[in-house]
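Novice: Okay, here's what each chain looks like letter by letter:
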Amino acid sequence: MKKKNIEYLISLFLSIFAALVIGAFIMWANGRNPIVGFAALIKGAIGSKYNIATTLAKTVPLILTGLATSISFRSGIFNIGGEGQLYLGAFGAALVGISLVNLPGLVGIPLALLVSAIAGGLYALLPAILKVRYNIDEVIVTIMLNTVAVLLTGYLVNYPFASDVGKLGATEVIGEGYQLSRLVRLSTLNTSIFYVIVITIIMYYLLERTSIGYEIKMIGQNPDFSRYGGINVKRRMIFAMVVSGVLCGIAGAFEVLGVHYRFLQHISPGYAWDGMLIALIVKNNPLGVVLMSLFFGALKTGSISMENATGIPSELIAVIQSIIILFIAGEAGFKSKIKGFFARKDGRKKVGEKNA
Amino acid sequence: MAEKLIELKNITKKFPGVLANDSINLDIEKGEIHAIVGENGAGKSTLMKILYGLYQPTSGQIYFKGQPVEIKSPLDAIKLGIGMVHQHFMLVPSFTVAENIVLGVEPRKSKIFADYNKAVKITEELSREYSLKVDPHAKVESLSVGIQQRIEILKVLHKGADIIILDEPTAVLTPQETEELFRVIRRLVDKLGKTVIIITHKLQEVLALSDRVSVMRQGKMVGTLMTKDANERILAEMMVGREVLFEDLEKKEVARKEVLRAENLQARDNRGLLALKGVSFSLYSGEILGIAGVEGNGQSELLEVLAGLRQVEKGTITINGNEAANKDPLEIRELGLSHIPEDRLSTGLSVEATITENMLLGSHRKEPYAKRGIHLNRKKIRERTDRLIKEYDVRTPSQDVVAGNLSGGNMQKMVIAREFSFDSDILIIAQPTRGVDIGAIEFIHKEIIQKRNEGAAILLVSADLDEIFRLSDRIITIYEGQITGEFLSKEITKNEIGLYMTGKHKDLSQGGA
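Residue numbers (the numbering used here), protein chains in the order written: chain A, 1 to 356; chain B, 1 to 513.
Hints in this document: simulated from the structure, not taken from any laboratory.
There is no bait here: all hints are sound.
Reference listing, derived: stretches of chain B covered by chain A, where coverage requires no fewer than 3 residues with Cβ under 8 Å from a Cβ of chain A:
#	stretch
1	322-331
2	349-357
3	368-375
So, partial list: chain A residues that the calculated Cβ filter (under 8 Å) puts toward chain B:
#	residue
4	Ser211
5	Met218
6	Tyr228
7	Gly229
Only a predicted model underlies this, so the values are computations on that prediction, with no experimental measurement involved.
C-beta: ideal position from N, C-alpha, C; glycine also.
All chains, please: the whole structure from these sequences, using the hints.
Specialist: Structure, rendered in structure tokens:
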């Protein structure tokens, strides 16, 4: 197990390194200096207090959606509907924030989070039940439910709950008590990061140190083995899916309560998808999710500064992210190829020795 | 001295991390039956796959009739007249016998359309020439395993093989089918001048059939001897590398009490067909009840039903006085039943999980391993795992090794350790030694007998009749989802059992009447 982890870490760093090299090559091919480009990227990500704060702010939704993906993928039921759950959660939080405007934060914030958690959780429960009861593929159902949620909230925010100012694709601003305070001037970093730290610890404990986490892992690895051993596979799958939905819902709530202070029609630029990529890269390891989210957050933040400073388009970062995924996905294949190469080399040596 | 047909010189085959064959020398004489024996993983199959062109040797040379040859693919092997019957048959179940036999070399009408009538004619001719009776029009899926094997042999002969390699041919056959196969092999060699290489690990068969026998161990060739100079003990010792004591297992008299009763059980298989057609039996504490049957006659379904893994259609199961039909696996485990499943890779363990995790299943909600059923106590868990590893002789550098990296025998010991550790009254054990090496078989048998002597009730299913006879106090036979007989194991012979396993006992009694 230990050896396997080290092997994995090596391939992970090689993948990241290779992706960065390819990124550098693309910059160079476009007539830019890669060193200048990367310097601007790093400076933009961690160059100042403001930059670090922005990186952290971008990390918040990634950690939540990454953890959400981890628990569902570990249990072998695939929640691809994080984006939809995030939208519903965000809208739920905003709904509380604009209807019970005068609640104090101490009551209001937990209530808003609760509503968003329920919204996200219920929205994940539906495909989970369809899966365990009727064996309907959860991947397809959750993907389609994304569209439903995005369009539904889009309608709600443009008609019944449209802001009085006009059709902005946004609700009214939520009550002041709900607004999470900002931590660093000008950046959107807010107190949600503390909630996220607590949630991460809970999720780590749940997945790695409890019998529930053990059951989830075993189900994901071999459902027949789990059933044979007396685990209630269906119940655990539903549990994992709902927790996943809850986390996505909360991720949406923090975007409303901490960043925009209102629900926007396009509130997420695909956080759930990024979270999924992160979880895939780190093989659903909760601590890995945190580290990889920070890395992705830094890339996102840095890429904007890089574009401003050097004119290298920030989309390059999306290319680099995709290349990392590609390498990690091919990890097993590459590894056996490399091992096979060395084994053959050894073999040849042996033959040579004999002939000599 | 007979002509040397094939010589393998210094054949070495390396896989990443494994030396499967280590400079093997072997010669095959024309017109002999040459047995190759060895434990699982000794490298027998690898060596034969090299001879058949499926693998390329890392180094070494093959000589055919004294000439060095390179066998790059099975096509090359077939050209030299070498044919192989694999352990898992390569037949298309939905095709007829004739279609299967000509598969790949189909006779053509106007060079385009398959000529089915010609295929039938070819099959009939082959069947006559080699006196192997088959019905060319029968669909393969409707035929017994023995007949399917016959088709495989005909297929190889049709391709013009003079040297036939048989990989574990008797693994799935009944005693009667085995005898029939041996007669066929004898005839091929004595009457038709063929040469046969047979891979097996059943020593009795080697002694009964072969002219010479080569023993392999851990990738090396231990030696070749004339079968008439060998006996079971010598071969077993060569295979294992130490003395193996097939001592009689001591069975104590233990108080008998009915702990499990099945009445008129009916259940369907995965295809929805009735696999159990009213099975009734009782299981008592302090006994081993063996279920003998040809695979696919309802044994698997019966075990799954008892363990709560398959729906009961009709009938009742009573465990320690409690109704247990259609309870879920957890409830059944809590009634005092442990289960060693027949397919350990798909059901008995998770290949990706560590030994620790694999051994934890079933205890993961119990004190002291989980505080209040939730918080896992790693220290206690690791202590227990270490204890079980030692007690059950699981050979591994540490408990953090992933189960998929263990050998078959060690995997099985891990599963047995876990299930035996629950101290259940009832143990359901399926194929306890399938794919397990001789040393581990000895150990596993002893553990099973010890559980029996401690008063556990054990239901044993095995495809290996020898194992059933060695362990069981009582034997029931199952055929097409029904119990066809019940015997004390002392009072019946293997051949008689074979008749009950194939439903032929009725002909016997009718003939007698």
